[in-house]
Every structure is written in structure tokens, then in C-alpha cells.
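From first to last, the protein sequence lines are chains A and B.
Read in order, the letters of the first sequence correspond to residues 1 to 302 in my numbering.
Read in order, the letters of the second sequence correspond to residues 1001 to 1217 in my numbering.
Hints should not be assumed to be uniformly reliable.
Here are the simulated lysine to aspartate or glutamate pairs, EDC-like style, with alpha carbons at most 20 angstroms apart [stated by the list, open to error]: (1) A:150 to A:203; (2) B:1089 to A:204; (3) B:1132 to A:204; (4) B:1089 to A:136; (5) B:1132 to B:1170; (6) A:146 to A:91; (7) B:1046 to B:1113; (8) B:1132 to B:1163; (9) A:146 to A:72; (10) A:146 to A:203; (11) B:1124 to B:1113; (12) A:163 to A:136; (13) B:1132 to B:1142; (14) A:150 to A:206; (15) B:1089 to B:1113; (16) B:1089 to B:1020; (17) B:1046 to A:136; (18) B:1132 to A:86; (19) B:1070 to B:1052; (20) B:1046 to A:204; (21) A:146 to A:157; (22) B:1089 to A:272; (23) B:1130 to B:1142; (24) B:1046 to A:72.
Please keep in mind that the hints were generated in silico from the structure rather than gathered at the bench.
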Amino acid sequence: MRSWLRDHRRALRDAFTRLAASPFASLLSMLVIAIALSLPVALYLSLSQLQSFSRQLSSDPQVSIYLALDADNRDAAGVGQRLRSDPDVGDYRFIARGQALLDLKRSAGMSDVLDNLEHNPLPDAFVVTVRGNRPETLERLRDEAKGWPKVAHVQLDSEWVRKLDAALRLGRTAVAVLGALLAAALVAVTFNTIRLQILTRREEIEVSKLIGATNPFIRRPFLWFGALQGLAGGVLAWIIVALAIYLLNRDIAALAALYSTSFWLSGLSLPDGASLLGWSALLGWLGAWLYVTRHLWRIGAE
Amino acid sequence: MISFSHVFKRYRSGFDALSDISITIDDGELVLIMGHSGAGKSTLLKLMAAIERPSSGTVLISGQNTVRLKAAALPFVRRRFGIVFQDHKLLHDRNVFQNVLLPLQIAGFDGRDAARRAHAALDKVELLAKEKAMPITLSGGEQQRVCIARAVVHRPAVLLVDEPTGNLDEAYARSIVGLFAAFHQHGVTVVIATHDRSVAELLPARIVQLGQGRIAA
């Protein structure tokens, strides 16, 4: 066991030395790995945060009932009465057309445009939430309310969020496919780096085998090299993603403000970051293992 | 003990390197395998060290049939041998000390113990002063000595030597052969493959004559 640990220590030291011996080439390989990793990681982060944002919005689905512009207080009271008598309605809020105009002026920054209007174009409205938030209840209420007197339009407010959620699910699948492809690219990069390493160490491998080195002994420094290179690529990818998010967040916040909401991207959490590093090291290790094993099999067969 | 029984070796090219070789080398023996170039001396050494496998026949190393051993077990058989290669096979990106250290690292020796043994081996071949030199800066004879130090550093039971005096002048060749005699006196089995008849005059060894892959006498 001690001998095994000692051998790993030696292999790790050897891998560090080899990485440091050609810093420019090592850095280039790490950068290629980092770019290959940062793309799916950044997309994954954006999509997962957009998805949780959309879920927050859709956590309380609502039905908006807009009355006709000529509806009066009696008509509005009638709709209120119908809502109170519906056992599925959990809560409702009446927004008078005057209040709606005031809110619009405040939130959208369109007061100049709205001030120039001769009359208020907004209708009275009810915003209704239902018990249990079941889609079928929401849809039933929407369909019934459409037939009530002086109701001009009924809208299910969570619909666009559901569409966004579906689009994000599609995006996540696309990220998974892209991630798998770029993971294969990482393995290929390591495979090629190890191929070059072995070319320069062919003599050492041959002599070591002749004097009694086992395949694991020969393989170890290359595996550590691949894992270290992958790990360093993972660290660089983390930095690239953090920088990209920092640069994008100002514009994202400004865009979100235009929609009267606040949204920004957060960087990788510690568990996600650790997972990125773990996977990048593992993929580097795999690329190295594939090439060294193939090489040892070939020279063993010769 | 090394024992060959009706061993044949045919390479993929179809060349028959060895034909019907039967030979036994006892522990502590000093044996010279003699023959001209292409006689099969190097192949015989490679079969002894389990570097090559015979096409047919039996090779026993300390009672173990190397033909039946799994590939994963062969490195451990090889560690019982110290091999002095004809072309030295030194690693030119490592210094003399690191070259000699390699078999000890492979065998899993502790760092301090390994360093002590490597220094002792270099001292034995009188190259301690050049432990930090790179092999390329050494003469052919010195490279030969580094190769010998690497072969004996892990104290193998058997020393296999391929053409030790090939490119050396007579005085240097004499001193190198003297080293093998000294190892033999310490109980190491020494098998030397050479075409150089003067080696036979310097060593009290059993001579096995090879010719066209067969034992001639």
C-alpha cells in the first residue's frame, strides 16, 4: 500500500514536471479544454436559472378577466358575485380601470404617451387565483367567464410561462447533447496530448517495460497528466464562465428592468463548481487512459 | 535455475532465431553464450528474461514456466534479472543517478533506500562522481558502466549481459569483464552473450556455443 502511494506521488510529481516543462503548449491545451467546457456550462447555468425564474412566475397561476369598456359598477359587482359563489376560486382582486392606468403610468414609464390619450383605454379587471392551481380548474374558469355578461376578454396568465418552460426544457436537452459532444472533444484533446507525450517518452516506456515495469506503473504518470490537464482546464472554464456572467449581468439586469422585473445570472455554486472540476479531471483521465492503454496494447502485441 | 527444454523461436517474419534449444543454468553459475552475429544469442537472453516468449518448448525460471504465465505476471519475472543491453538503452533526458534509480522506482523502493542503493551501485562501477552527468556527455565505456549499475542496483539473482565489450578498447573491456567476475563471486548467476573470444580467456566460465540458432557444443 505504501509502495502504491509512493508510486502515485512519484507519478503526480512527474506529471507536474511534464506540464511545467512545456508551459505554452500546456496552457494552449488547457485553454482548448476550458473553452470546450465553458460553453455548455454557461448555457446550462443560464437555462437552469431562467427555468427557476419562470417557475417563480408561474408558481401562482392567475386568470385575468377584463370587462367591456362600457361596463359599469353593477356589472363589475355581478362578476364579483359570480366569483365569490364559485367554490374553486381561492381569491380575487378587482382592479378598477383608473387604478390600472395609474399603475401603467408608474411601471412602464409611458406617462407622456398615456397623458396624451383622450380617454382611458383600459378596462376594469379581475385577477383571480384558484384553489389547487390545477390547470383544468383554470381552464374551466376561463371558459365560463368568457360567457358572463360584460366580460370582454379572459386570459390565463400562466400560459406564456408554460411555453417558456417548455422552450427551456428543449434548451436543456440541447445543452445536454452539446455537453456530451464537447466532453468527447475534451477526451480527444487529452488523447492527442498524451499521444505527443508518449512520442517523446517512447524510449522510457520501452526500457521500463524491459526492466520489469508493470502497465499500471507506466500508465500512472500519463493518467495524472491527463487528469491534471483536465482539472486545470476546468478551473479555467470556471473563471471564463464567472467573467462572462459578470460582463453579461449589467445588460441582463437592464433588460429585465424594462419588463418590470429583476433577473440576473449567478455564477457556479460550490457543488456545481466542484462537479465541473471533477468531471473535467475525470474526462482528462479517460482520454489519457484510452491512449496509453492502446499504446501499451500495441507494443505488447509487437 | 534457468531451464530451456526443446525451445524454438520463430519471428513473425518467418526467421528461425532458435531451434531445439535445451540448456540448464544453475544458480550461481557463470555462463558464456558464444557465437557469431545472428547466431541467436540475444534471442536466448530475451527468452531468459521473459522479454520474448518461445514459439514452442518450455522455459523454466526458478521452476516457473514463463510460457504459461499471464502477461501481467511477466514484469515480476523480469525484475529477477539485471540486464546489460548491447546498446545500453539509457534514458537521455535523465541524468546518470536517475537512470540507475529507475529499476528501484519500478520495484517500489522507498526514496531514501533507493538513493542509497543507487549511490552504492554507481560507486561499484566507479561513476559516483558523475551521478549528475547526462548520459550523452559520457564515453561509450562510461555509458556501459551506467548500464551495469542500473542492472545490478536492485540486486538481481541473475545478470544477463549482451555483447559487453562490443565497442570498447581492450583495457576498458578487461575492466568491464572484471566487474562481471566480481558479481559472480558474490553469488550472482551471470550469463554473457558475446562473439568476443577474448572474454572467454578472461573468465572461468562454462561456454555454450551457438550457431544458426542451435547449440553447437
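How the hints compare with the structure:
Among the hinted pairs, residue 150 of chain A with residue 203 of chain A is inconsistent with the structure: their alpha-carbon atoms are about 90 angstroms apart, more than 20 angstroms. Our distance criterion of 20 angstroms between C-alpha atoms is met by residue 1089 of chain B and residue 204 of chain A, whose separation comes to about 9 angstroms. Between the alpha carbons of residue 1132 of chain B and residue 204 of chain A the distance comes to roughly 18 angstroms, so the proposed pair stays at or under 20 angstroms and holds. At most 20 angstroms may separate the alpha-carbon atoms for a hinted pair to count; residue 1089 of chain B and residue 136 of chain A exceed this at roughly 81 angstroms.
Our distance criterion of 20 angstroms between C-alpha atoms is broken by residue 1132 of chain B and residue 1170 of chain B, whose separation comes to about 27 angstroms. Between residue 146 of chain A and residue 91 of chain A, the direct Cα distance comes to roughly 19 angstroms. Compliance with the 20 angstroms bound is thereby established for this hinted pair. For the hint pairing residue 1046 of chain B with residue 1113 of chain B, the CA-to-CA distance comes to about 29 angstroms; that exceeds 20 angstroms, so the pair is violated. Straight-line distance between C-alpha atoms of residue 1132 of chain B and residue 1163 of chain B comes to about 27 angstroms, which puts the hinted pair past the 20 angstroms bound.
Simply put, residue 146 of chain A and residue 72 of chain A have alpha-carbon atoms about 17 angstroms apart, close enough for the 20 angstroms limit, and the pair holds. For the hint linking residue 146 of chain A to residue 203 of chain A, the alpha-carbon distance of about 84 angstroms lies beyond 20 angstroms, and the restraint is violated. With a C-alpha separation of about 17 angstroms, the suggested pair residue 1124 of chain B and residue 1113 of chain B falls inside the 20 angstroms cut-off, and the hint holds. Proximity of residue 163 of chain A to residue 136 of chain A is assessed by CA-CA distance (about 17 angstroms); at most 20 angstroms being required, the pair is judged to hold.
Annotation: proposed proximity of residue 1132 of chain B to residue 1142 of chain B holds, straight-line Cα distance about 13 angstroms (limit 20 angstroms). Restraint check for residue 150 of chain A and residue 206 of chain A: not satisfied, since their Cα atoms lie roughly 91 angstroms apart, outside the 20 angstroms limit. For the hint pairing residue 1089 of chain B with residue 1113 of chain B, the CA-to-CA distance comes to about 24 angstroms; that exceeds 20 angstroms, so the pair is violated. Between the alpha carbons of residue 1089 of chain B and residue 1020 of chain B the distance comes to roughly 30 angstroms, so the proposed pair goes past 20 angstroms and is violated.
For the suggested pair residue 1046 of chain B and residue 136 of chain A, the alpha carbons sit about 82 angstroms apart, so the restraint of at most 20 angstroms is broken. Taken as a hint, the residue 1132 of chain B and residue 86 of chain A pair is broken in the structure, with Cα atoms around 94 angstroms apart against an allowance of 20 angstroms. Taking the CA atoms of residue 1070 of chain B and residue 1052 of chain B, the gap is about 13 angstroms. The hint holds against a cut of 20 angstroms. Taking the CA atoms of residue 1046 of chain B and residue 204 of chain A, the gap is about 18 angstroms. The hint holds against a cut of 20 angstroms.
At roughly 15 angstroms between alpha-carbon atoms, residue 146 of chain A and residue 157 of chain A fall within 20 angstroms of each other, so this suggested pair holds. Of the supplied pair hints, the one linking residue 1089 of chain B and residue 272 of chain A is violated, its CA atoms being roughly 48 angstroms apart against a limit of 20 angstroms. Of the supplied pair hints, the one linking residue 1130 of chain B and residue 1142 of chain B holds, its CA atoms being roughly 9 angstroms apart against a limit of 20 angstroms. Between residue 1046 of chain B and residue 72 of chain A, the direct Cα distance comes to roughly 106 angstroms. Violation of the 20 angstroms bound is thereby established for this hinted pair.
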